[in-house]
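**Student:** So you can see what is in the structure, the chains are spelled out below.
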Amino acid sequence: MSAPEPPMGLLAELTHRCPLGCPYCSNPVELTRAGAELDTATWLRVIDEAAELGVLQLHLSGGEPAVRPDLAAITARAAERGIYTNLITAGVLLDEAGIAELREAGLEHVQLSVQDSRAAQADAIGGYAGGHAKKRAFAEAVRAAGLPLTVNAVVHRQNLDRLSGIIELALGMGADRLEIAHAQYHGWAYANRAALMPTRAQVDDAVATVEAARYRLEGVMAIDHVLPDYDARYPKACMGGWGRRILVVTPAGRVLPCHAAETIPELTVETVRDRPLAAIWNDGPAFERFRGTAWMPEPCRSCERRAIDFGGCRCQALALTGDAANTDPACTLSPYHDRLRALAEQDAAGGTGCFVYRGYAAQPRRGAVPGT
Amino acid sequence: MDETSIPRLATGVRLRHDAARGRWVVLAPERVVVPDETAVDVLRRVDGAASVTAIVDALAGEYDAPAEQIRRDVLELLVDLEQRGLIAV
Chain A
1362 MSAPEPPMGL LAELTHRCPL GCPYCSNPVE LTRAGAELDT ATWLRVIDEA AELGVLQLHL
1422 SGGEPAVRPD LAAITARAAE RGIYTNLITA GVLLDEAGIA ELREAGLEHV QLSVQDSRAA
1482 QADAIGGYAG GHAKKRAFAE AVRAAGLPLT VNAVVHRQNL DRLSGIIELA LGMGADRLEI
1542 AHAQYHGWAY ANRAALMPTR AQVDDAVATV EAARYRLEGV MAIDHVLPDY DARYPKACMG
1602 GWGRRILVVT PAGRVLPCHA AETIPELTVE TVRDRPLAAI WNDGPAFERF RGTAWMPEPC
1662 RSCERRAIDF GGCRCQALAL TGDAANTDPA CTLSPYHDRL RALAEQDAAG GTGCFVYRGY
1722 AAQPRRGAVP GT
Chain B
49 MDETSIPRLA TGVRLRHDAA RGRWVVLAPE RVVVPDETAV DVLRRVDGAA SVTAIVDALA
109 GEYDAPAEQI RRDVLELLVD LEQRGLIAV
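For the record, the sequence lines run as chains A and B.
In our numbering, each number is its position in the first sequence, counted from 1, plus 1361.
In our numbering, each number is its position in the second sequence, counted from 1, plus 48.
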């Protein structure tokens, strides 16, 4: 068997530590503690191995990557190797000097998360008082440093009614791009879906709002809208296809085809300490398990879209059908699709505004979004 | 964008050779664009100093085509790249 195409991107989750506690966080429910994180030397080696392998873009993520004191050193190594560096941050820990240092190290793009259009609601969703104001100051520092800025807003039932305000916020921050991403319901968001699942009307409104804003803001700010799985006709190609475009290294050094793949118990996951990145990418069992189309059962196997969406999300298939190899139930061709729709409608009508913040605490911290 | 314009790569956009795949790539926020051969020839001359006319003249020395056709093709290409947010003037 020939080696697969090299990955385009590396998602480096430098840490799971984060001052925020967003209830839809894409990190696993069981977070890695600081003591188990890779050290600087290992991360630098991982960057070198990624460059050799053909990685073109590095997404420095977390948790909050700015928690790591070696963020600038890791950025600099990637830049030296010609890798495009993208910082994915909550923006509450870096001041003007911090962002200038990263710019100096070679940082090329910043993606800043926002939780809502208004401070009270945003701070309640993030579980971090004063966060919204810090993000606004951070955006200003990013612009002052001359770096391009993407604002990323995860949307859900608690903030979708203020989507227009979120678009205005991103515009006011001077963003070149705005990503509106509906929460993906696994991990933390799955646990909180009764508080987060949008109503069908909210999703329809969002589509109309984004369309109008795109037209109005053409040439000023680009808007990407990632539609919710539960309302789509076909699933999304998870990570552009399993083991096809992106690899993920977790804070503890586990190498994954997708940031949520640890929820699939049958996978044999290797770490950067076991083998070089290239070997893991080329024939590691976790990557081989769902790579390409040969592993597919029906209805994917004979589907003309099999090499377009690659059967969708394996983690969602496992969570909702009990088998990670099944067709993603977001697909209308999945026999589980009706069940997923019914679940989404039930959650959307759930009535609760209360959620659990992501965090390490054995005693979970609960929150709710105040009315406007 | 016209002949007197001085195009530059947009902020956060970089052209580099991708040795692993033996081709040139344009790296931009959240995307990688693979330009065709002509686009690479043009993009390598987009440096924020050369005007469109200077780029056309440089290419006229290399391409076996009428200058007028090169001018049209280069302008069309630059407009397209500008619309895709990869270059700015």
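What the hints contain is simulated information worked out from the structure, not anything from laboratory work.
Where hints are given, some of them may not hold.
[Said to hold, decoys possible] With the C-beta cut set under 10 Å, the calculated list includes, among others, these residues of chain A facing chain B:
#1 P1365
#2 E1441
#3 G1443
#4 E1457
#5 Q1472
#6 L1578
#7 L1588
#8 D1699
The model shown is predicted, which means the values in this text are computed figures rather than measured ones.
Idealized CB from N, CA, C, for every residue including glycine.
**Student:** For each hint, tell me whether it holds in the structure or not.
**Tutor:** Verification of the supplied hints:
This hint is violated: P1365/A has a C-beta 12 Å from the nearest C-beta of chain B, more than the 10 Å allowed. Interface restraint check: E1441/A against chain B, minimum CB-CB distance 13 Å, threshold 10 Å, status violated. A hinted interface residue such as G1443/A counts as satisfied when its beta carbon comes closer than 10 Å to some beta carbon of chain B; here the least separation is about 6 Å, so the hint holds. Residue-level restraint check for E1457/A is violated (minimum Cβ-Cβ distance to chain B is 18 Å; threshold 10 Å).
About 8 Å separates the beta-carbon of Q1472/A from the nearest beta-carbon of chain B, less than 10 Å, and the hint is met. At a threshold of 10 Å, the smallest CB-CB gap from L1578/A to chain B is about 13 Å, leaving the interface hint violated. Violation of the interface hint for L1588/A is found here, the shortest Cβ-Cβ separation to chain B being roughly 17 Å, above the 10 Å cut-off. Annotation: interface hint on D1699/A violated; nearest CB of chain B at approximately 34 Å, more than 10 Å.
Consistency note: the structure conflicts with the earlier hints numbered 1, 2, 4, 6, 7, 8.
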